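Sequences listed follow chains E, Z and C, in order. When we follow the numbering used here, the leftmost residue of the first sequence carries the number 54, and every step to the right adds one. When we follow the numbering used here, the leftmost residue of the second sequence carries the number 99, and every step to the right adds one. When we follow the numbering used here, the leftmost residue of the third sequence carries the number 778, and every step to the right adds one.
Keep in mind that the hints were calculated from the coordinates and are not lab data. Treat the hints with care, since some could be wrong.
What the hints assert, rightly or not - Chain E is nowhere near these chain C residues, computed Cβ spacing over 12 Å in every case:
(1) His-786
(2) Val-835
(3) Leu-846
(4) Glu-859
(5) Leu-883
Claimed, not checked - Cross-link-like lysine-lysine pairs, in silico, BS3-like; alpha carbons within 30 Å at most:
(6) Lys-422/Z / Lys-313/Z
(7) Lys-146/E / Lys-133/E
(8) Lys-98/E / Lys-131/E
(9) Lys-131/E / Lys-146/E
(10) Lys-1048/C / Lys-1020/C
(11) Lys-194/Z / Lys-370/Z
(12) Lys-422/Z / Lys-1048/C
(13) Lys-146/E / Lys-186/E
(14) Lys-313/Z / Lys-81/E
(15) Lys-133/E / Lys-98/E
(16) Lys-186/E / Lys-313/Z
(17) Lys-146/E / Lys-313/Z
(18) Lys-313/Z / Lys-131/E
(19) Lys-146/E / Lys-98/E
It should be emphasised that the depicted structure is a prediction, and the values quoted were computed from it without experimental measurement. Every residue, glycine too, gets a C-beta built ideally from N, C-alpha and C.
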Amino acid sequence: MAAGVEPILEVCGLVKHYPLTRGVLIRKQVGAVKAVDGVDFSLGKGETLGIVGESGCGKSTVAKLLVRLERPTAGAVKYKGEDITVLSGRARKEVSRNIQMVFQDPYTSLNPRMTVGDIIGEPFEIHPGAAPKGDRRRRVRELLDVVGLNPEYINRYPHQFSGGQRQRIGIARGLALRPEVIVADEPVSALDVSVQAQVINLLDRLQSEFDLSYVFIAHDLSVVRHISDRVAVMYLGRIVETGRDTEIYDHPTHPYTQALLSAVPVPDPGARERRERIILTGDVPSPTNVPSGCRFRTRCWKAQERCAREVPLLAVPEAFRGTSGPAAHASACHFAEEAAPVPGKGSGPGRHGAPDPAPEKGNGPG
Amino acid sequence: MPEQPYEPERAIAGTGMGGTMDLGASEAVTLDRTPGGPAGPGPADRPRSLWSDAWRDLRRNPVFLVSGLIIVFLVFISLWPSAITSGSPFTCDLAKAQDGAQPGHPFGYDGQGCDVYTRTVYGARTSVTVGLCATLGVALTGSVLGGLAGWFGGPWDSVLSRITDVFFAIPVVLGGLVLLSVVTTNTVWPVVGFMVLLGWPQISRIARGSVITVKQNDYVQAARALGASDARILLRHIAPNAVAPVIVVATIALGTYISLEATLSYLGVGLKPPSISWGIDISAASPYLRNAPHALLWPSGALAVTVLAFIMLGDAVRDALDPKLR
Amino acid sequence: MLLEVRDLHVEFRTRDGIAHAVNGVSYSVEAGETLAVLGESGSGKSVTAQAVMGILDVPPGRITGGRILFRGQDLLKLKGEERRRIRGAEMAMIFQDALSALNPVLSVGDQLGEMFVVHRGMSRKDARARAVELMDRVRIPAAAQRVRDYPHQFSGGMRQRIMIAMALALEPALVIADEPTTALDVTVQAQVMDLLADLQREYRMGLTLITHDLGVVADVADKIAVMYAGRIVESAPVHDIYKAPAHPYTRGLLDSIPRLDRKGRELYAIKGLPPSLMAVPAGCSFNPRCPMAQDVCRTDEPPLYEVDQQRGSACHFWRECLHGRRG
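Required output: the full structure, derived from the provided sequences and hints.
Take a look at the structure:
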């Protein structure tokens, strides 16, 4: 994001806790799933922010909070400086025109009992001001054309389309109201490899054509890298590292990012021997029972006492403050280092075998 | 629709990107197995909706046509029984009791010497009224209550679920004996009311489960993200997708209600003579099964055909409302 | 040769016609070797595996031709009982969705022990002890305590380990893993693939890895068979195929992966969609999507041409493709 430019979307201290209750008629709160636990970021106009993380890290909850499908427990989502989480009624509906979402699953995100024309036209019915009644059909056909589908398909039903085509329909619906921000939650992960590239290209083209800003959420690191200007890495409800794409991918300083990057399979069998992988032990702790201090310490090979005591802040680490290199970007680690020494086999919490850091309680919301 | 390769006329300029720009625009619809089917051969200008497509589909469905015809006929004779019978259901001649078919009396006579044909025709009104009204009442009450419980969840849902449990525990016949014995009017309405009272929990449970399943779909979230109101989401997205199991169970229940009326009448708490219904006739004829099976057969047959017609209708409607089956 | 599939044909009878899911697939796996079967959904990769395992749903599926030789013995000629004895003991399968592949009402110890009770006739107590041993071997922490837990009490990665433990319980000679890590997170995927590779080395199993992930393949496979529309379009040792693919489909797949050096530029995208299995195009099934397609591709189905001793490509223009010329 260029300095001095007012961000189009700004997220401050966003928190979403889902209460865990017990009892049938008299409900008692026995805990909370801390799906999102203090997230800050901003999005500039025409920019793409990629959010990566594993399931249960809270990235999908962030998406829902941005489009107000969920109400935050605390924090603010500011659209052009105005906090949209406190809006209601007409004002809230008005803002929803400008922030739209593209969903992950092209099979469940389209109503099977509506025609494609009705699905893409629904935004106009909800916001009658967006297009005059007589013009809506034409607009829908135009949208189909924009996303590369035959406008003649307007009367068909979703099941008559393949996954990639359905995702195009979902994108057309998201575009209908001419939003400025599109939140895409794993938009290509349900698609076949050969179709993924088509949809990524489409998103790329639409961005420059309509001057869109994207929040692009995915678990696939290479897809996020391809499409993003800046990247935020999430772990257990928090952003652990954020920066420009090259800063994150080529100069990661947070051990989690380093482990994540090293675990991605590379489509190059020649790299098999050269590559040194950091294999993390155990699973992500349950979001109901978050470790004290640094959340990642239970799986981190660098963890020391300080990590259990002090929560590391998301800021440029001391070691790189004052420098201007690519490593000088925000990283929430007490021991941030640019090139982490890969733990040797069998040393410390090494490759395998350490007990689970936290009791498992199935999968948290992801 | 013919598979025509489609090339977007709009040049995708201004992106400044090299390479081939194939949007996959010439993608063929993979499952297009119904040429000229739902999408139709005509111009795509006329907007279609689920309901108009369902209606198009139904008009061509023989199952719907046959069952619809039977139901129209039943409604017709319920309204104007005298149109197809000249006799009166009350002119009985004990001398002819249990006699078989005779000219002018194709169904024979029952145990009281009444004409079975006339009584079967006149009985349609009660049976069809009870069946239809009870089913409609049960389906509406059940799906509204169950649907709302599923939609809102939380304490609403817990309370409603417990209430349905309580109603499930009431034995139908015993409940009927107790509740209906205090009723003095001899119309179908107390019977219908009793059926709705005991029947709604069954539909409510199904509607609740169905709504909970549908509610989790992303398209509901998508509508909400567009700023859609709760009413819109319920009517446009939840209801059409949740209604199928309700239709199936309701149409099957319709037959049960017609027979339940018979049972209650037999026990003396439903309709009392001089009312006429298939139920009353079936129970009246059952002691003479050996000597005069025809007296039992004809009203039972009418009952069976009616129930079957409604089940077939329900099936056809359910299928028509599922675009995947077209 | 441990497993040899020869000219396998499988079709499905559906309401709308016959779907030709597998159209003449041949491949082989040797002991200690990893074969990756790569393909998109609908390519027939899972159906082939189900046919080999003998767990294909018949009907609607039907094996209409070919042979499946396991240690030289044609599995398709065996009777149900003989086939059953091989399954589990000699060849085992690991599924994608461990939660639905495990029985939710039995503890994992019971499910693991079951294998020993049924196939080896062990007592319950001995079987339980073996179950703990197995859980240890797949590196499940605190195995002795967790043996009584139910599948839902484990995380996704741990459940996949239990699946692997079940598959390896009787030390089979062949393991078929159908998208074993697709449902898992990247860091957990790395753990599980690592474990699988270690165990394979230890037991010298033949491993057939079915996947759509080009990255996973590059990490673990010895050789690859690329499937498209029920056929193998290219088969080669793993290093060769990534260096220079000899089929335009393989080339397209490799090119469509987002990469560092192509950032900011448009991704290469294979145009169109995979064909419906009800109506596979005449000639080469890839021809409508192929940038190199010529008239001959629309009329003649290409055989699997021999590129060299270890490689095959079902493309009329494999030479041009191999040397990097596209369309």
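Going down the list of hints, with the structure as the test:
1. For His-786/C, the condition that its CB be more than 12 Å from all CB atoms of chain E holds, with the nearest at approximately 24 Å.
2. Every C-beta of chain E lies more than 12 Å from that of Val-835/C, the closest at about 26 Å, which supports listing it as non-interface.
3. Every CB of chain E is more than 12 Å from the CB of Leu-846/C (nearest about 28 Å), matching its label as outside the interface.
4. Separation of Glu-859/C from chain E is adequate, the least Cβ-Cβ distance of about 38 Å exceeding the 12 Å criterion.
5. With a closest Cβ-Cβ approach of about 18 Å to chain E, Leu-883/C is found to remain outside the 12 Å limit, as its non-interface label requires.
6. With a C-alpha separation of about 20 Å, the suggested pairing of Lys-422/Z with Lys-313/Z holds against the 30 Å cut-off.
7. Our distance criterion of 30 Å between C-alpha atoms is met by Lys-146/E and Lys-133/E, whose separation comes to about 16 Å.
8. Distance restraint check for Lys-98/E and Lys-131/E: the Cα-Cα separation of roughly 14 Å lies within the 30 Å cut-off, and the hinted pair is therefore satisfied.
9. A C-alpha spacing of about 15 Å is found between Lys-131/E and Lys-146/E, which places the hinted pair at or below 30 Å, so the restraint holds.
10. The straight-line distance between the Cα atoms of Lys-1048/C and Lys-1020/C is roughly 23 Å, inside the 30 Å bound, and the hint therefore holds.
11. The suggested pairing of Lys-194/Z with Lys-370/Z holds, with an alpha-carbon distance near 23 Å, which does not exceed 30 Å.
12. Between the alpha carbons of Lys-422/Z and Lys-1048/C the distance comes to roughly 26 Å, so the proposed pair stays at or under 30 Å and holds.
13. Taken as a hint, the Lys-146/E and Lys-186/E pair is honoured in the structure, with Cα atoms around 19 Å apart against an allowance of 30 Å.
14. Of the pairs offered as hints, the one joining Lys-313/Z and Lys-81/E holds, with about 25 Å between alpha carbons and a cut-off of 30 Å not exceeded.
15. At roughly 10 Å between alpha-carbon atoms, Lys-133/E and Lys-98/E fall within 30 Å of each other, so this suggested pair holds.
16. Between Lys-186/E and Lys-313/Z the CA atoms are separated by roughly 29 Å; this keeps the pair inside 30 Å, and the hint holds.
17. Pair hint Lys-146/E plus Lys-313/Z holds up; C-alpha atoms about 21 Å apart against a cutoff of 30 Å.
18. At most 30 Å may separate the alpha-carbon atoms for a hinted pair to count; Lys-313/Z and Lys-131/E meet this at roughly 29 Å.
19. With a C-alpha separation of about 21 Å, the suggested pair Lys-146/E and Lys-98/E falls inside the 30 Å cut-off, and the hint holds.
Consistency note: the structure conflicts with none of the earlier hints.
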